[in-house]
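These protein sequences, in sequence, are chains P and G.
First residue of the first sequence: 127, per our numbering; consecutive thereafter.
First residue of the second sequence: 127, per our numbering; consecutive thereafter.
Keep in mind that the hints were calculated from the coordinates and are not lab data.
In this text, all values refer to a predicted model and were calculated from it rather than measured experimentally.
Some hints here could point you the wrong way.
[Claimed, not checked] Some chain P residues near chain G, calculated using beta-carbon distances under 8 Å:
#1 M173
#2 D177
#3 I273
#4 I289
[What the hints assert, rightly or not] Below, in silico cross-link-like pairs of lysine-lysine (BS3-like), each with a Cα-Cα straight-line distance of 27 Å or less:
#5 K184(G) <-> K244(G)
#6 K290(G) <-> K143(P)
#7 K143(P) <-> K284(P)
#8 K143(P) <-> K279(G)
#9 K244(G) <-> K143(P)
#10 K223(P) <-> K295(P)
#11 K143(P) <-> K184(G)
#12 K143(P) <-> K205(G)
#13 K221(P) <-> K261(P)
C-beta atoms are modelled at their ideal positions from N, C-alpha and C, and glycine is treated no differently.
There are 2 protein chains.
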Amino acid sequence: MKCSVFIATSVDGFIAKEDGSVDWLHTAGNPEVNMGNDADMGMNEYMSSIDCMIMGRKSMDMISSMNLTPEQWPYGDTKIIVLSNTVKEPPANMKGKVEMYSGDLQTLISRLENKGFKHAYIDGGTTIQQFINLKLINEITITRTPILLGEGKPLFGKTFKDIKLEQAKAVAFPNDFIQVKYTVNYL
Amino acid sequence: MKCSVFIATSVDGFIAKEDGSVDWLHTAGNPEVNMGNDADMGMNEYMSSIDCMIMGRKSMDMISSMNLTPEQWPYGDTKIIVLSNTVKEPPANMKGKVEMYSGDLQTLISRLENKGFKHAYIDGGTTIQQFINLKLINEITITRTPILLGEGKPLFGKTFKDIKLEQAKAVAFPNDFIQVKYTVNYL
């Protein structure tokens, strides 16, 4: 099964401030500009390419804290699995929308494959780092928000070795966000 | 005086491994590919736009350790100032090529301006971070080498506040390096 990442970071590589806040994502760049057909910066196309989502517990808590209405829910009926070794039940406002999973990630991927899933959206810093170190991430799209934060929670962490990225693509949007895309070669 | 940065990093934002090595810069990406007119990835055009260079002591030591022949010297007769509070004399193979400076950076910039210099190339991780926090860097070009290192010496460090980047440009080269360019807005 293909596993990919689609995530926003600051130019210095952070996905959130130390306190977890991501408000800078929404205020950065030039919000006045006409984005034409790129208003969603590829999100809808990406979402239509995946059929399931695996995220960490902190990502779930972040989404839960937003108290989204059904209209605001951005994931449609995509199957969402939340990884946690300690939390066994999702928060009340996430019930029926996510399944909790604890255990081996290879096993999880095999089970999803056996059920016919073909492309998983992997989300959350810790989760992405785990998947990279299991050589499970095939493709990474990073949308660099035009800001330097100085510190925060980094997208990437220690890796078991140098990891080669290939098939580089880049686009600078009119709002000064830059989106880059790579495939990952673990050889 | 305009101050700018032109530097290569890994995709996870490191300019060197923990031990200072940068050999991965030269082996990463796809070296077989035809780069056409982009073989230097903009370096010559950038060098012709600057008239002086300010680098940290570690950058000088790195260059010194390469024992470059006059033919290999990449900086032409560009005036080079090396910052150090402790080292007062350059290494033997750098004598006559660099001037040491210790002291206030605003004063240094004013002196260079008074001598007619117009655009300084600021190099070295620590030096770049100092200049950013003095609001002296106007433009940043980052050439992202297609590799994840996992750890090393980061290009960016703590900042006195969130710093807005503007006028984003991006190009993906055929060798899978991606070059991005921003102007810096400290307001």
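For the hint on D177(P), just tell me whether its beta-carbon gets within less than 8 Å of chain G. Interface hint status for D177(P): violated (26 Å vs cutoff 8 Å).
Status of the M173(P) interface restraint (C-beta, 8 Å, chain G): violated (23 Å)
Is K184(G) close enough to K244(G), meaning Cα to Cα at most 27 Å? holds (25 Å)
Holds or violated: K143(P) and K184(G), Cα atoms, limit 27 Å. Violated, at roughly 30 Å.
Would you mind confirming whether the straight-line C-alpha gap from K221(P) to K261(P) stays at or under 27 Å? violated (31 Å)
Are K143(P) and K284(P) close enough, with their CA atoms no more than 27 Å apart? holds (19 Å)
Holds or violated: are the alpha carbons of K143(P) and K279(G) at most 27 Å from each other? Within the cut-off at roughly 20 Å; holds.
Is it true that the CA of K244(G) sits at most 27 Å from the CA of K143(P)? violated (36 Å)
Chain G contact restraint on I289(P) - CB to CB distance below 8 Å: Given a least distance of 4 Å, the restraint on I289(P) holds.
Pair hint K223(P) and K295(P), alpha-carbon separation not exceeding 27 Å: Status violated; Cα separation ~33 Å.
Verify the proposed pairing of K290(G) with K143(P), using a straight-line Cα cut of 27 Å. Roughly 15 Å between the alpha carbons, so the hint for K290(G) and K143(P) holds.
Tell me if the straight-line CA distance from K143(P) to K205(G) falls inside 27 Å. It is violated: about 39 Å lies between the C-alpha atoms, which goes past 27 Å.
Checked against the numbered hints above, the structure breaks hints 1, 2, 9, 10, 11, 12 and 13 and satisfies the rest.
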